[in-house]
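Visitor: With positions in the sequence shown counted from 1, the corresponding number in our numbering is that position plus 253.
Hints were generated in silico from the structure; no laboratory data involved.
Just so you know, not all the hints are guaranteed correct.
Stated by the list, open to error - Derived lysine-lysine pairs resembling DSBU-like cross-links, with alpha carbons at most 35 Å apart:
1. Lys465 - Lys524
2. Lys448 - Lys549
3. Lys447 - Lys500
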Amino acid sequence: MGKTVVICAGQPGSGRDEYLEELRNRHDFFYYHLFEYLVEEAEKQGYTLNKLNVLDFYDSNPVQFEKFRVASLERIIKEIGNKDGVHVISTPYHFEWKGKSYKGLAENEIKALNPDLFIVVVDDLVRVRERLKKDIQWREHSFTLVELSKWRREEITGMYNFSRSFVPHKEFYIAAREHGVGLLEDLIFNRHKKKVYLSHPITGEGTEFFKKVRKFVASLQPYYTVFDPSMIKDWELVETWRTLRNKASAEGVDLPRKIVVSIQYFDKTRKYEVDSWDVEAAINSLRAQIIDMDYKIIESSSYVVAYHPREQLSAGVLCEMVQAKGLAKFVYVYYPYEPSPFFEWYATKIFPDEKQIITFLKETAKKEADIG
């Protein structure tokens, strides 16, 4: 069977631990929750730590806390040893507390753990904040979208840099919580499956279009691990703000104090009311992170598959195709119209029929499985 070591990070409120618990209902694996080890190490020295006081203790007694953290990771490293099976270490990489930043992992510890892959669990920041409001550790604190976006950026950048500190690079993936447990299952337990980044239009598309996207994804999932960028729902917040901003500018009026954003999740559509100033302060960071996350997922994928059933070209899809080609990725496109020279230039192959591209991708996966 062999040994697989996974470091699974993600800011508090991302749903990381719940995500892993769902996976444990499907698969057996060794699970190391760093916080639980910290509590046990503290108890050995007569300290009682819990979710309500752990970060205050870190702030007031960082030297002692660091000893507990190091001892916890040494225990985890020892317990993993040469034991076969899947080993998952769960912890945030980065903490924000009372204006200070703390790290959950150090590079020498990462080297000692020698993980096979790094996974960062993310969710849209509005839902992250809603989870934090219900968490006993965080509910007394009000987080702005800027703070949460900074936190997420640190998680992604920190884990990405760790993965690139190895030669050859270790696998690195961003897993949107909205994908469901199937993505996490594929990344950890079906590592043989090639990774596909699904590029498709988002702006201006409605419910029926995204139903078609999900149907297309479902046809590929038995053969590939599929990343769909629309599962990171910050886009809805960005587009709602952009639409209202343009409308206010055209009419010569101020933005409303509150913005209502509707986000379509798999289970249902939820509406959230957010302060305009909060969104405006975070909007540049949100926009940059949308691009950065998408490009990092493309880097982690073998193929980019562009699903583009409409004639008007999506700027986002074309940019992702350009990025993919610059990373030496294959770009397969479904586009049922005569393509523009630029679209054609950046595509490895264009299919005018949806069934054709699905058949091609299935056959490609089977050929690679035979070779492997």
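Visitor: Hint check: Lys447 vs Lys500, CA-CA at most 35 Å. Holds or violated?
Guide: violated, 43 Å
Visitor: Compare the distance between the alpha carbons of Lys448 and Lys549 with 35 Å, and conclude whether the hinted pair is satisfied.
Guide: Roughly 13 Å between the alpha carbons, so the hint for Lys448 and Lys549 holds.
Visitor: Between Lys465 and Lys524, is the straight-line Cα distance small enough, at 35 Å or below?
Guide: Answer holds: Lys465 to Lys524 is near 23 Å, not above 35 Å.
Of the numbered hints listed earlier, the single one contradicted by the structure is hint 3.
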